[in-house]
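Engineer: One-letter residues, chain by chain:
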Amino acid sequence: AQSVAQPEDQVNVAEGNPLTVKCTYSVSGNPYLFWYVQYPNRGLQFLLKYITGDNLVKGSYGFEAEFNKSQTSFHLKKPSALVSDSALYFCAVTYGEGANNLFFGTGTRLTVIP
Amino acid sequence: EPEVTQTPSHQVTQMGQEVILRCVPISNHLYFYWYRQILGQKVEFLVSFYNNEISEKSEIFDDQFSVERPDGSNFTLKIRSTKLEDSAMYFCASTTLGEQYFGPGTRLTVT
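Here the protein sequences come in this chain order: F and V. Following our numbering, the numbering of the first sequence begins with 1 at its first residue and continues without gaps. Following our numbering, the numbering of the second sequence begins with 1001 at its first residue and continues without gaps.
Chain F on its own, in the form it takes in the complex:
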């Protein structure tokens, strides 16, 4: 069975500090991993993905994520947080090739404090 865990419901970080939003996954087969961001009253916006290749993936708005197969993790990071990064972040996983449905984590609310 496929599943995603986001252990932190809430992450607070000061503006300018590095941020990390944690995600671990469980999947049968090769994982396809994604991060999405949701702003209030908005849909899900794609940030980045890992399919194969380099374990460090760079995405939109200066975000990056590191795929760690041994720890089955895909943590989202940013070197310097902005107040505008405050939002709800979802990690998602699917499996194998093709366009299979996504399994989402419960989300982490990131608050960047000015």
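What the hints contain is simulated information worked out from the structure, not anything from laboratory work. There's no promise every hint is true.
Claimed, not checked - Restraint ranges, calculated between C-beta atoms of paired labels, are given here:
{"#": "1", "chain 1": "V", "residue 1": "K1042", "chain 2": "F", "residue 2": "P18", "range": "22 to 30 Å"}
{"#": "2", "chain 1": "F", "residue 1": "S28", "chain 2": "V", "residue 2": "P1008", "range": "21 to 29 Å"}
{"#": "3", "chain 1": "F", "residue 1": "S26", "chain 2": "V", "residue 2": "K1083", "range": "40 to 48 Å"}
{"#": "4", "chain 1": "V", "residue 1": "E1068", "chain 2": "F", "residue 2": "V83", "range": "40 to 48 Å"}
{"#": "5", "chain 1": "F", "residue 1": "K69", "chain 2": "V", "residue 2": "S1066", "range": "35 to 43 Å"}
{"#": "6", "chain 1": "F", "residue 1": "P114", "chain 2": "V", "residue 2": "E1056", "range": "37 to 45 Å"}
{"#": "7", "chain 1": "F", "residue 1": "T20", "chain 2": "V", "residue 2": "Q1041", "range": "36 to 44 Å"}
{"#": "8", "chain 1": "F", "residue 1": "Y95", "chain 2": "V", "residue 2": "S1027", "range": "24 to 32 Å"}
{"#": "9", "chain 1": "V", "residue 1": "G1040", "chain 2": "F", "residue 2": "S26", "range": "21 to 29 Å"}
{"#": "10", "chain 1": "V", "residue 1": "S1027", "chain 2": "F", "residue 2": "Y61", "range": "25 to 33 Å"}
{"#": "11", "chain 1": "V", "residue 1": "D1071", "chain 2": "F", "residue 2": "G53", "range": "36 to 44 Å"}
{"#": "12", "chain 1": "V", "residue 1": "G1040", "chain 2": "F", "residue 2": "L82", "range": "36 to 44 Å"}
In this text, a Cβ means the ideal position worked out from N, Cα and C, and glycines have one as well.
Please arrange chain V on chain F, whose structure you already have, making use of the hints.
Structural biologist: Quick look at chain V alone, frame taken from chain F:
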């Protein structure tokens, strides 16, 4: 930049009524999805659609739900007889292969 669109943005309906949620996926995409998000909870998969048929569905997608692609552009989700617990944000998504692109959602409120 092409985007997925959804209408209406908010739908209020009475329990037992039928509702149709509409989506226009990105034009060259081949795979279509519906997800829902109950307030404060995670996004849950409902159904996927490819080549004019359902390719996968979750346990949530029972006989009260149906999907259709009535023409070359629209993708609809119908709930035949709404229940209070159907109140949620419903997201449409589409893809070729790779990341899925989500619409802004339809907030369904069942009273």
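Engineer: Please go over all the hints and tell whether each is borne out by the structure.
Structural biologist: Status of each hint after checking the structure:
no.: 1; hint: V:K1042 x F:P18: 22 to 30 Å; in the structure: holds (26 Å)
no.: 2; hint: F:S28 x V:P1008: 21 to 29 Å; in the structure: violated (38 Å)
no.: 3; hint: F:S26 x V:K1083: 40 to 48 Å; in the structure: violated (31 Å)
no.: 4; hint: V:E1068 x F:V83: 40 to 48 Å; in the structure: holds (43 Å)
no.: 5; hint: F:K69 x V:S1066: 35 to 43 Å; in the structure: holds (40 Å)
no.: 6; hint: F:P114 x V:E1056: 37 to 45 Å; in the structure: holds (44 Å)
no.: 7; hint: F:T20 x V:Q1041: 36 to 44 Å; in the structure: violated (23 Å)
no.: 8; hint: F:Y95 x V:S1027: 24 to 32 Å; in the structure: holds (27 Å)
no.: 9; hint: V:G1040 x F:S26: 21 to 29 Å; in the structure: holds (24 Å)
no.: 10; hint: V:S1027 x F:Y61: 25 to 33 Å; in the structure: holds (26 Å)
no.: 11; hint: V:D1071 x F:G53: 36 to 44 Å; in the structure: holds (38 Å)
no.: 12; hint: V:G1040 x F:L82: 36 to 44 Å; in the structure: violated (25 Å)
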